[in-house]
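Q: Starting from the given sequences, assemble the full structure and let the hints guide the process.
What follows is each chain in one-letter form.
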Amino acid sequence: MNKERMTHLWRSARRRFQRAPKRSLALLVLAVLVFYSVSQGVYVVRAFEDRHWDVPAHVYAAPIELYVGLELDEETLAATLAQTGHQQVPVLERPGEFSATSGELEIWTRSFPFWDGEEPSRQLRITFDRQRIASIVDATGALVPLVRLEPLRVGSVFKAHHEDRVLIEPDAIPPSLIEALKAIEDRKFDRHHGLDFAAILRAAIVNLRHGEVRQGGSTLTQQLVKSYFLDGRRTFSRKFREAIMAVALELRYDKDVLLHAYVNEIYLGQQGTRAIHGFGLASEFYFAKPLDRLAAHEMALLVAIVKGPSFYDPRRQPERAIERRNWVLTTLAAQGVLHEDTANEAREEALGVTARAGMALRYQPAYLDLVRAQLGDDYSPEDLATQGLRVFTNLDVTIQANAERELALGLTRLAAMPGTDTPDPALSEAELSESAAEESPLEGAVVVSRPMTGDVVALVGGENAAPGDFNRALDAKRPVGSLIKPLVYLAALESGEYTLASPLRDEAIDVDMPDGTVWSPQNFSLESHGEVSFVRALAESYNQATVRLGLDVGVERVAALFERLGLDAVPAVYPALLLGAVELSPFEVTQLYNSLANGGDRVPLRAVRSVTDANGEALKRYPLRIRAAAEADAVYQLNQALVQAVDRGTGRSAHRWLPPNLVAAGKTGTSDDFKDSWFAGFTQDHLAVVWIGRDDNTTTGLTGSAGALTVWAPIVAGLPTTASFDPLLGDSLEPSWVDYESGLLTRRGCGDAVLLPVPPDANVPRRACGIGVTVRGWLEGLGDR
Amino acid sequence: MLRHTLLLLLVASVSACAYNPMLPQDTEPQVERTPETTGEIGEAPSGAASAGAMLVAEGRAELAAGDTGKAAASIERALRIEPRNSRWWTELGNVRLAEGDLEQALALGRKALRLAGGDSAARAAAEALIARAGGR
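These protein sequence lines map, in sequence, to chains A and B. If you're matching positions, the first sequence starts at 47 in the numbering used here and goes up one per residue. If you're matching positions, the second sequence starts at -11 in the numbering used here and goes up one per residue.
Simulated from the structure, these hints should not be mistaken for laboratory data. Glycine included, C-beta positions come from ideal geometry on N, C-alpha and C. Keep in mind that a hint or two might mislead.
[Stated by the list, open to error] Covered stretches of chain B (in silico footprint by chain A; criterion: 3 or more residues with CB under 8 Å from a CB of chain A, positions within the stretch not fixed): (1) 66 to 74; (2) 110 to 118.
[Claimed, not checked] In silico negatives: residues of chain A with every beta carbon more than 12 Å from chain B: (3) P355; (4) V383; (5) A763; (6) D777.
A: Written out as structure tokens, the structure reads:
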């Protein structure tokens, strides 16, 4: 193009503009509009592309494994199957179904690609005998030694924005939901190009007639755009932008792609600061069950809520919600989407929402935090959010649900107890209620592991778990109090200078501190107990005896045990460490105690077993690795003292909940001013650690036994297998009858005799046994708390 | 077919010394020495190998085929079912030994030895592993 021609064009344009300024202005406006529309369209398509085609990593709970001899009765199995996505039916017709008749259970398993190969779909008959599986037989009559069921998906790892979803795959969207959404929200969805002008007009008329906003004219696509890209303000320019974007999406994508995005995106509720997006999460949030298991009246309620999740909040506005739900049912029937009879029956149903949100098995944000932390070493957040990885974890949904429930119940129980808050008597009643409102509530955290394999099977980060919430199990670092004492006693046993029978002095002690002050620790009862046995000093958690023992053994040896038993950081070496002046998270405490429960072998706590790519190819395994961290015989002796702590020491109230004769080992912990209440304890197969405290670090008024123990014990009592803690005795120890109070060797039935492991060369003095000894020992056994 | 027969043979050989969870456990005071493994097959239903034994047999086959990762995963599954079975710890140690990880092999062997209790065959297997891993 030459210069002359350019000049000519420019001149003629200017002439035309001068001649018809109005037309040119219109053209200019049109050009700007077109440019704006195209740019908005490109923006929305790009943004949609960016989000929509990411496939997040899916996280699975541990699969249920069934085998002959497994301790499990028919009812428990049926209940577990129902909870984990299997349907109970009279006669099996498809995979995922089971039927139960007395003493027998039939199941048609689904196939599933595990990290080590595909588990086939099979029809199986399971028989039971005395609370155990007696046989598993397949359709050909062959015995099946082991069956692994399809694991429950418990969450997905999204990019930050998408954090909180229960993603529904395109082929898993219930057709009834699609039908209902079209019928209620967008009748012309299949035909329009993003906008429905007739609906806009109709809505305007309806709204005018009723004097309120009854109908929106927005198509599903417009609603999707609004939820994805725009804030909630209703201005004309927003509406305009929304319309352009909707048309752009419609031009670029098929209807089912948009529907899929809609189902996973639309806003359906609120829990505090947490927004509930998508039908998958909403189904768990309102009904605690998966979307494909909802009945007609439940599905209708979700569709009814779309219009205004807070206006029609079924928990807060049940009348409004039920009215709109019934209108939805009537409309569906009128449009022929739902059978008239079904609609009539559904209208009779109650709303059916759960009283509280957040108890859903398929939704485990706290455990997912741990999964992300463990995977973070090997995968970038980008890969986790986009590559469709499959993450197989050790989460046991039954234990997790049990731990959540018991923590919630325990916190409610404890909050109602007098003495858990200590109001200032000078305050007036009005001031009191004000201070109670400002006070941060009692909170708690739970971690449950399997000591021998280091599997983390449950993790509760607080009473109400929501993603992004403060995860107390992982991140609340609190003083551990007496939980530290087993490390002091372990260091002493390892030194070879002490046995469980050694006499310790529980007497006042003044420790000169480097800063010139004097530290004079007191016992909880403010009394000293004189000479006591090693085992009793630990079981009854005597502070003065512990400080004397720790100073004799060396604080640095106690501190060194932190690293040896599996923690990264070594605490500062100063005497107050001996009474637990060190801050640890419940998860870190679990790591320490896991090494104790595992007989001194350290196993890294693992949430993730294995990761595969989207096609099931194994990418990474997290293998079981052990290291002998502490001397096995010393740990054995220590654990027997911890058995005494639960049996008769500070943990003895656990037996109100525990099955009779169950042997458990454990330790209470209480920090200064009752700010933190701890209990860590184990049976043969499980270790559970419970913390209770307040987020603002004010007092709870609870000791470890009055607080955390009352949550720990019901959790342990509710475990699927509760085998007594029963480790094998090492070669260099001998079971001996020891007088609990003095530590002198004695014989069975004489005084307060307990059977304890003692090295044969320990040279413990023997005590004479007379009737006086027996009675005195017995009386003293009743003494301290 | 040949693979299946081999696998069955392996199952049989492993289950001959499997710990059977159905056998009643000794419930004496907890400080008594109670052998965890029994060395006999017990009352398992006819023809059915124990789940743990089957998994360990699979693990052995995978180890023989050179896939130590898969072998270890199979044996870990057995360990989740019977965490106190000394033999399964020895088996896992054998996989680590094959990988050249002597430190793990030794740690697993010592664990197996502590769990063997009075089961002399389990004890011998654990001791053999420890010796091969360079321990005493």
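Q: Compare the structure with each hint and give your call.
A: Hints versus structure:
1. 66 to 74: holds (count 5)
2. 110 to 118: This one is violated; 0 residues, fewer than the three required, reach chain A with a Cβ under 8 Å.
3. P355: holds (42 Å)
4. V383: holds (47 Å)
5. A763: holds (19 Å)
6. D777: violated (9 Å)
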